[in-house]
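Visitor: The listed protein sequences correspond, in order, to chains A and B. Just so we're aligned, residue 1 is where the first sequence starts under the UniProt record's numbering, counting upward by one. Just so we're aligned, residue 1 is where the second sequence starts under the UniProt record's numbering, counting upward by one.
What the hints contain is simulated information worked out from the structure, not anything from laboratory work. Among the clues, some could well be false.
Intra- or inter-copy, both count: the list cannot distinguish identical chains.
Said to hold, decoys possible - Straight line, CA to CA, 30 angstroms or less: simulated DSS-like cross-link-like pairs of lysine-lysine:
| # | residue 1 | residue 2 |
| --- | --- | --- |
| 1 | LYS64 | LYS383 |
| 2 | LYS2 | LYS410 |
| 3 | LYS383 | LYS326 |
| 4 | LYS438 | LYS406 |
| 5 | LYS314 | LYS286 |
| 6 | LYS61 | LYS406 |
| 7 | LYS40 | LYS432 |
| 8 | LYS314 | LYS2 |
Take a look at the letters that make up each chain.
2 protein chains.
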Amino acid sequence: MKVVKFGGSSLASGAQLKKVFNIVVSDPERKVVVVSAPGKRFAEDIKVTDLLIECAEKSLKNEKTDQVFEAVIARYQDIAEELTLPEEIIQEIRLDLTERLNGDKSKPDRYMDRMKASGEDNNAKLVAAFFRKMGVEAHYIDPKEAGLIVSDEPGNAQALPEAYESLSSLRWRSGILVFPGFFGYSKAGDVYTFSRSGSDITGSILANALKADLYENFTDVDAVYSVNPSIVEKPKEIKEITYREMRELSYAGFSVLHDEALVPAFRAGIPVQIKNTNNPTAQGTKIVADRNNTNGPVIGIASDKGFCSIYVSKYLMNREIGFGRKLLGILEDFGLSYEHTPSGIDDISVILRENQFDKEMEEQIIDRIKTELHADQVFIQHKLALIMVVGEGMRHNIGTMARASKALAKVNVNIEMINQGSSEVSMMFGVKEIDEKKAVQALYNEFFAPVMV
Amino acid sequence: MKVVKFGGSSLASGAQLKKVFNIVVSDPERKVVVVSAPGKRFAEDIKVTDLLIECAEKSLKNEKTDQVFEAVIARYQDIAEELTLPEEIIQEIRLDLTERLNGDKSKPDRYMDRMKASGEDNNAKLVAAFFRKMGVEAHYIDPKEAGLIVSDEPGNAQALPEAYESLSSLRWRSGILVFPGFFGYSKAGDVYTFSRSGSDITGSILANALKADLYENFTDVDAVYSVNPSIVEKPKEIKEITYREMRELSYAGFSVLHDEALVPAFRAGIPVQIKNTNNPTAQGTKIVADRNNTNGPVIGIASDKGFCSIYVSKYLMNREIGFGRKLLGILEDFGLSYEHTPSGIDDISVILRENQFDKEMEEQIIDRIKTELHADQVFIQHKLALIMVVGEGMRHNIGTMARASKALAKVNVNIEMINQGSSEVSMMFGVKEIDEKKAVQALYNEFFAPVMV
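Using the sequences and the accompanying hints, generate a full structural model.
Guide: Spelled out as structure tokens, the structure:
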């Protein structure tokens, strides 16, 4: 049995819904269909979710909502007309949305969640109606009725353990089950949405609860690439990748799937298949617990800008029990999360995203480290890029570091820092931001496209 | 003006004292002479300090001390006879030691410190007497009178700030000043010793207090080697090295000078010259604040065995503010100090010396990390060696990492981990203990003795 999730662009028009239908019915294992709200039909189009957010914001400010409300309805209507669905379905959607719009505004974030959730909820009803019109047994599943119980955190809900238990009984329902993504209900019966891209999370929760054999995630790319296509032209596609590798690559430039969305599937060991709705015969990328080591130690290279390094040195630091813990405690007081802490004997650097603080906080941090830790030297190096070279095979492949560092030296990139952990799925290189593209290209050439001399 | 310190083997016999005298008078800048207690004359010999510890331990247990007491006196007597010094000096030493032996035993660690300190104290009197007999103006300096005030920590005293002020006036005393190393006096007037090898510390404090131009440290090796001579035969000698490089190398195998001893000289920017009493014309090694970059990015390679790595992984660890701080807090609760913390996105390893804990504590640590941090995986990898490749020039020398990692790959050594900090004086490689020698040899060949192909 497979849980199949379709993203917004896969459900943006009647033509897209026909593709979705053909994909679902072509494999009898595809039992549960998780849907997003209708997405963009063309680059300048507006997603239904964004229209709903605008509508809710206007309503909360007591501004006129007619125009944006009708824009939402029009999106569903366009699809329904294209598919010659009966008018009733649009009336049902209009009724639902009107009710939400005129609902209780005393708790604005809950109001917002109810409005946003309607995008997926109503789309699921529409999709189910279309499937039935095409002659297959299909049911819209209400997450409340099905028991998708979540924590009461607006915009950041988490599925509660009992949700898995309740949802598991969906397995015994007949027909194709069309389930709206992105939200669940609190124990008190209120709507709460997951974080953005939350439909991926719904699919992953259902795959876990129903012990699916596979969680298929249909989007608009053929596969996950081994490197960011905006840096390297036509990069190699990844056929199979482990959860850990995917997570390391998600550092940057690999945002096909929401990190958090993988967790429920990962915990249950269910493989996740990324596929393209617009090109369903393409092999796609499969995310698995273990993979066969194929060619080469590296599976992908990710990079991101916008990091800085707080450097702290103190003679005999190494002898001071508690130094590192105190340093991290200071950063925690400022609410900062950090990425790595490479260290020498008497110095330590903390690498973190620089958008977390401004000049003023920076000075406060330096001041506290100097005063409280009696450091000899504290300074911040800005504009760093981190490059992750990722691959499960890397650890026991002697010479990978030599190849990577030589490739960087050849193109004259200075390695500002290196961090290679213990159980190795990745090597991290810190370079100056201006060297990022050159460095990624050189590493890609080394591991994926050796140039003949 | 120079402060000159002589180690125990440089003062072990009359013949050695003659060398010391010739060294001191050959340079009129050598004003302050810091002496250790007489050391070993031959491999099986016993140092006076060790005899004194035995004597103090026996006395504290009310056992007979005559034999070991006389063994101490005999060492001074042998030297005095060899140098035909008047009998009075030995009588003075005997009187002093008898008084200490019969002193207050109510605080055993202070009694021990008084007994140990006599080794240096009496040797300074002997050396001053010999210098005077040779016709130069020389004075024994009593640390109490000179104002070397220290904290009251037996065996681990620290010089107090006011000590520097008091000692500075020694500058205006005439003649050569012979100062006993290893101890000072508390404000209450009691003897407290520095940590082992504390005579190096005394010399460094005096160099700082007297604003010396140079702190010469005479020992029994020609120079600091670029690599451990027990791993690489006849390694290159280091002519000039910075404090930071010296400190990184002191990690292992470079124990010529006590780390802590460098601090006072380092803070005052006074260079430290390592020289050989038995071969004073050899250039030796100079430890400086800055050095001219000569040939190659690497100045030395140090390595040590006996490390282990605690590996902790948890999916989405990267998102958890406070994870690293909590992990280090647990280790701190066990009193453990750590060396490095290389990390991936969702894993972190803590590298530490494995002699700090046993099997039982290991299990407790793993248990606490699993329970309190909800880690997915926690395990310990034993028998690791750390190799430090050290050099100030390394940071801006593109390709150093490529050369190092290629050298290791060539001899088939797997790099278990790499840690390269921010302001780089060193690169750290973790390898299996069994690969240590092979790895060090390969790195030495790469950076110091390139083999022709």
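Visitor: Does each hint hold? Answer for all of them.
Guide: Status of the hints after comparison with the structure:
1. Taking the shortest alpha-carbon separations for LYS64 and LYS383, neither the intra-copy value of 44 angstroms nor the inter-copy value of 71 angstroms comes in at or below 30 angstroms.
2. In this assembly of identical chains, the alpha carbons of LYS2 and LYS410 never lie at most 30 angstroms apart, being 47 angstroms within a copy and 48 angstroms across copies at closest.
3. Proximity of LYS383 to LYS326 under the C-alpha cut-off of 30 angstroms is found in both arrangements, the shortest distances being 26 angstroms within a copy and 29 angstroms between copies.
4. Taking the shortest alpha-carbon separations for LYS438 and LYS406, both the intra-copy value of 13 angstroms and the inter-copy value of 22 angstroms come in at or below 30 angstroms.
5. When the C-alpha separation of LYS314 and LYS286 is checked against a cutoff of 30 angstroms, the pair qualifies only between copies, where the shortest distance is 22 angstroms, while the shortest distance within a copy is 47 angstroms.
6. Within a single copy, LYS61 and LYS406 get their C-alpha atoms no closer than 59 angstroms, and across copies no closer than 64 angstroms, so neither meets the 30 angstroms cut-off.
7. For a Cα distance limit of 30 angstroms, the shortest separation of LYS40 from LYS432 qualifies neither inside one copy, at 36 angstroms, nor across copies, at 54 angstroms.
8. In this assembly of identical chains, LYS314 and LYS2 lie within 30 angstroms of each other by CA distance solely across copies; the values are 27 angstroms between and 57 angstroms within a copy.
Hint check: violations occur at hints 1, 2, 6 and 7; the rest are consistent with the structure.
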